[in-house]
Every structure is written in structure tokens, then in C-alpha cells.
Amino acid sequence: DVVLTQTPPTLSATIGQSVSISCRSSQSLLHSNGNTYLNWLLQRPGQPPQLLIYLVSRLESGVPNRFSGSGSGTDFTLKISGVEAEDLGVYYCVQSTHANTFGAGTKLELK
Amino acid sequence: EVQLVETGGGLVQPGRSLKLSCVASGFTFNNYWMSWTRQAPGKGLEWVASITNSGGSTYYPDSVKGRFTISRDNAQNTLYLQMNSLRSEDTATYYCTRRDYGRPFAYWGQGTLVTVSS
Numbered sequence: 738d739v740v741l742t743q744t745p746p747t748l749s750a751t752i753g754q755s756v757s758i759s760c761r762s763s764q765s766l767l768h769s770n771g772n773t774y775l776n777w778l779l780q781r782p783g784q785p786p787q788l789l790i791y792l793v794s795r796l797e798s799g800v801p802n803r804f805s806g807s808g809s810g811t812d813f814t815l816k817i818s819g820v821e822a823e824d825l826g827v828y829y830c831v832q833s834t835h836a837n838t839f840g841a842g843t844k845l846e847l848k
Numbered sequence: 029e030v031q032l033v034e035t036g037g038g039l040v041q042p043g044r045s046l047k048l049s050c051v052a053s054g055f056t057f058n059n060y061w062m063s064w065t066r067q068a069p070g071k072g073l074e075w076v077a078s079i080t081n082s083g084g085s086t087y088y089p090d091s092v093k094g095r096f097t098i099s100r101d102n103a104q105n106t107l108y109l110q111m112n113s114l115r116s117e118d119t120a121t122y123y124c125t126r127r128d129y130g131r132p133f134a135y136w137g138q139g140t141l142v143t144v145s146s
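Protein sequences appear in the order of chains A and B.
Residues 738 to 848 in the working numbering are what the first sequence lists, from first letter to last.
Residues 29 to 146 in the working numbering are what the second sequence lists, from first letter to last.
A few of these clues could be false.
Result set (SDA-like, lysine to any residue): computed pairs, CA atoms no more than 25 Å apart in a straight line [what the hints assert, rightly or not]:
1) B:Lys-71 / A:Leu-847
2) A:Lys-844 / A:His-768
3) B:Lys-47 / A:Ser-759
4) B:Lys-71 / A:Ser-769
5) B:Lys-93 / A:His-835
None of these hints come from the bench; they were simulated from the model.
Only chain A is shown next, with the shape it has when bound in the complex (with noise of 0.2 Å):
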């Protein structure tokens, strides 16, 4: 089975900074099709998640653009350009190239 390793498991960080959040891959991620179906998601308190990256880079639509993806194989990073207050949360990466698996989450606090 695929694991995901998520790090930071909490990150702290003002308002603007920017931060960048890393989920690492038991195994490739590259499907025989050539694409990659590793996903990003934010949990905010009391909400299901909703999804924010799809295809390591690819922005949802109705997403900000300071959030961004990038990656490739097995490692992969989220990264918030300038936090604002609503970005608060617990993160997800989430891969579905072999069935779906979930990373533990990264909680995205205020310092």
C-alpha cells in the first residue's frame, strides 16, 4: 500500500508569510497513463474538506492563486504564498494513483 508522509505535521506562521507544506510517496505516483493524481485539500474547523490542488499543479477552480502544487514521483509541495486568515486549517495531500490514500495532514495555525 501507498503511504503518504506529510511534514510539517502543524506549521505556524503569520499572516503574509509564506509557507510550504511536503508529502512524500512510498512509491511513484505516475500512472502508466502519464498522469500524476496527487491532490491537495483544506479542512477548515467544523467543515469537509474541499479541494484545492489536483494533478500536483492544476488549480481548482475558485482557488486563490497563492496557492500553488508542484512536484513529481514522490515528492510533492503545497505552498501558500502570503497566508491570509481564512487559509487556517488542516491540510491533505491525497494520491489516487494506486486506489486513494490520505498523508496524516499538516495543521496550518497562527503564530
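Dock chain B against chain A, hints included.
Chain B only, in chain A's frame:
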């Protein structure tokens, strides 16, 4: 607007069964694969089951295989999750999700809470 509304959660004793439903609206239900994903209280997310748009194929992780059954009624725009032999570790909020190509977790319901306890 895509809407997914889950129902059927509640308190159930270990070893008993429960069936969840998810009514979909705002899109052509029989065009999409659907999934269930759960979240234990204060914990992370776990994929539970997926079903093809026709209902002809289903997929499960080992943690629920043989105990849970996903199904759908395309005429009623409804997704189901039959859960048997429930255990305390199945306690979670269960979310219905639409599986878009390349965007498998783009749409979520609000979830329904299942508590397995004696």
C-alpha cells in the same frame, strides 16, 4: 450546483449493521463514479469505498473489505454504504464524494456521524 446529502448515521452496537445513504443533485448522477470517505473524531481521512458510474465494479481498502458494501440506485440518484459487523474503530463521520476524472475529491457532502459503541 452539486449537492451531496448523507443520512443514516447514528449510534449502533458493535457487531451490528447500518446503512448510509447519499442523495445527489445538481448533476447527472449516472455519469460519475462515487466514493465514501470517513474521518474518525479528531483524526485524518480514510477512503472507504468507490463504485463505477454503472455500479458494475466496486473497490475497497482492506480495512473494510468483506464488511462494507457500496451500491447505487441511478434512478433515485442515491449512493449507499451497507456496513456490517461494525467495530468501535468504524466510529467516524462518513462523507459521500463525487469522483471526477483527475479530481477524485472535488465534491463532498456534509457527512453523517456513525458511532459504534455498546
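Each hint tested on the structure:
1. Taken as a hint, the B:Lys-71 and A:Leu-847 pair is honoured in the structure, with Cα atoms around 20 Å apart against an allowance of 25 Å.
2. About 29 Å separates the Cα atoms of A:Lys-844 and A:His-768, which puts this hinted pair outside 25 Å; it is violated.
3. Restraint check for B:Lys-47 and A:Ser-759: not satisfied, since their Cα atoms lie roughly 37 Å apart, outside the 25 Å limit.
4. A C-alpha spacing of about 32 Å is found between B:Lys-71 and A:Ser-769, which places the hinted pair above 25 Å, so the restraint is violated.
5. Between B:Lys-93 and A:His-835, the direct Cα distance comes to roughly 16 Å. Compliance with the 25 Å bound is thereby established for this hinted pair.
In this structure, the earlier hints numbered 2, 3 and 4 are contradicted, and the remaining ones agree with it.
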